[in-house]
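Engineer: Read off the chains here:
2 protein chains.
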Amino acid sequence: MILDASFHHSAMKKLPDGRRRGRPDITHLFLLTALESIVNKKGQLTVVVHTRNNKAIYVNPETRLMRNYTRFIGLMEQLFEKEIIETDEKILLQLQHDITLKEIIEKTDADMIMGFSTQGKHVQLPEYFSTLKKKKCPHLLCIIGGFPSGDFQCDLTAITQDIISLYDDMLSAWTVASEILVNYENIFLRCP
Amino acid sequence: MILDASFHHSAMKKLPDGRRRGRPDITHLFLLTALESIVNKKGQLTVVVHTRNNKAIYVNPETRLMRNYTRFIGLMEQLFEKEIIETDEKILLQLQHDITLKEIIEKTDADMIMGFSTQGKHVQLPEYFSTLKKKKCPHLLCIIGGFPSGDFQCDLTAITQDIISLYDDMLSAWTVASEILVNYENIFLRCP
Numbered sequence: 128m129i130l131d132a133s134f135h136h137s138a139m140k141k142l143p144d145g146r147r148r149g150r151p152d153i154t155h156l157f158l159l160t161a162l163e164s165i166v167n168k169k170g171q172l173t174v175v176v177h178t179r180n181n182k183a184i185y186v187n188p189e190t191r192l193m194r195n196y197t198r199f200i201g202l203m204e205q206l207f208e209k210e211i212i213e214t215d216e217k218i219l220l221q222l223q224h225d226i227t228l229k230e231i232i233e234k235t236d237a238d239m240i241m242g243f244s245t246q247g248k249h250v251q252l253p254e255y256f257s258t259l260k261k262k263k264c265p266h267l268l269c270i271i272g273g274f275p276s277g278d279f280q281c282d283l284t285a286i287t288q289d290i291i292s293l294y295d296d297m298l299s300a301w302t303v304a305s306e307i308l309v310n311y312e313n314i315f316l317r318c319p
Numbered sequence: 128m129i130l131d132a133s134f135h136h137s138a139m140k141k142l143p144d145g146r147r148r149g150r151p152d153i154t155h156l157f158l159l160t161a162l163e164s165i166v167n168k169k170g171q172l173t174v175v176v177h178t179r180n181n182k183a184i185y186v187n188p189e190t191r192l193m194r195n196y197t198r199f200i201g202l203m204e205q206l207f208e209k210e211i212i213e214t215d216e217k218i219l220l221q222l223q224h225d226i227t228l229k230e231i232i233e234k235t236d237a238d239m240i241m242g243f244s245t246q247g248k249h250v251q252l253p254e255y256f257s258t259l260k261k262k263k264c265p266h267l268l269c270i271i272g273g274f275p276s277g278d279f280q281c282d283l284t285a286i287t288q289d290i291i292s293l294y295d296d297m298l299s300a301w302t303v304a305s306e307i308l309v310n311y312e313n314i315f316l317r318c319p
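Residue numbers (the working numbering), protein chains in the order written: chain A, 128 to 319; chain B, 128 to 319.
Source of the hints: derived by calculation from the structure; they are not laboratory data. Hints are all accurate, no fakes.
Cross-link-like lysine-lysine pairs, in silico, DSS-like; alpha carbons within 27 Å at most: (1) B:Lys262 to B:Lys169; (2) B:Lys169 to A:Lys248; (3) B:Lys168 to A:Lys248; (4) B:Lys260 to B:Lys229; (5) A:Lys260 to B:Lys260; (6) B:Lys168 to B:Lys217; (7) A:Lys168 to A:Lys262; (8) A:Lys169 to B:Lys248; (9) B:Lys261 to B:Lys248; (10) A:Lys182 to A:Lys140; (11) A:Lys229 to A:Lys209; (12) A:Lys168 to B:Lys248; (13) B:Lys169 to B:Lys260.
This one's a predicted model, so the numbers in the text were calculated from it and none came from an experiment.
Let the sequences and hints guide you as you build the complete structure.
Structural biologist: What follows is the structure in structure tokens.
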């Protein structure tokens with residue numbers, strides 16, 4: 128059973144870090160934003176979800192994720208049980224155990240690794256991405272927090288080249304994803 | 128009870144226009160994208176949801192909408208029963224009956240009314256918004272379809288000044304909303 132703070136609130140109070148857990152709704156909303164973006168439709172996005180227990184969920188960009196939350200939870204329960212969700216032709220979701228965020232990053236060929244946090248330096252994303260484009264850095268790896276409060280548990284500075292902030296206040300994971308995806312499309316995927 | 132195609136599928140098959148109905152999940156995802164956007168946090172957004180039965184839902188921009196879908200459905204059922212959701216200090220959601228999309232538009236002071244449809248002319252939103260900014264048209268009214276398939280039931284050309292398309296393929300309502308909101312923020316809400 129997938130923990131959901133909306134339904135298992137009292138049980139979760141006793142868990143360590145209970146306030147930061149049981150929010151698969153954040154993952155669902157983030158994935159719907161990412162997978163249905165124009166950047167993804169153009170085949171330019173890879174999504175990995177890293178969990179607090181060092182598990183990674185690899186998401187096939189062609190996955191048509193259910194919009195209904197209850198069905199999404201069913202899918203996640205199936206994934207954690209079978210470790211793979213596949214159709215006849217392809218693997219849609221795959222679960223990997225015992226992998227840190229750092230190890231996930233090391234497997235990619237990103238030109239630039241950036242984290243998003245209110246603690247980062249304030250930037251305007253269009254100008255920031257334009258500079259990266261001029262430096263011929265099109266492969267960006269963006270780390271977005273998917274927890275309801277607080278900051279990253281790991282030391283972001285040790286695994287990123289830059290930590291940036293898009294707004295003074297906390298933003299939801301899917302708002303940060305939208306900002307990244309629309310600006311990436313504007314700057315990197317269109318003719319000058 | 129709010130119709131939900133995920134749960135009431137067989138009952139809905141008998142309803143007229145059944146394939147276009149029972150998708151409160153689209154409204155939920157759209158509202159979370161809109162209300163948690165930077166444009167809304169800066170106080171520059173008004174959201175109205177118009178239903179197929181000519182009802183309007185006015186959403187207070189300060190509403191902190193529940194992310195959990197099951198709770199959102201509970202809220203909508205309460206809204207359709209009581210016609211208003213309020214706290215001690217303010218009205219969060221209000222339902223109005225017997226109002227057409229045209230009548231909603233006429234009550235606003237928009238400089239420019241645009242619809243979004245794959246049938247519209249292809250534009251690049253940054254350039255399109257820049258032109259509107261130069262023409263001193265900051266108050267945009269954007270009409271986004273919230274149905275799972277097909278096109279608008281009403282004649283969009285009769286109620287809009289422009290119909291535009293952002294991509295060759297269908298986009299989800301929240302993807303269109305993201306494109307509008309991030310580009311609006313970039314063009315209209317930042318110093319040149």
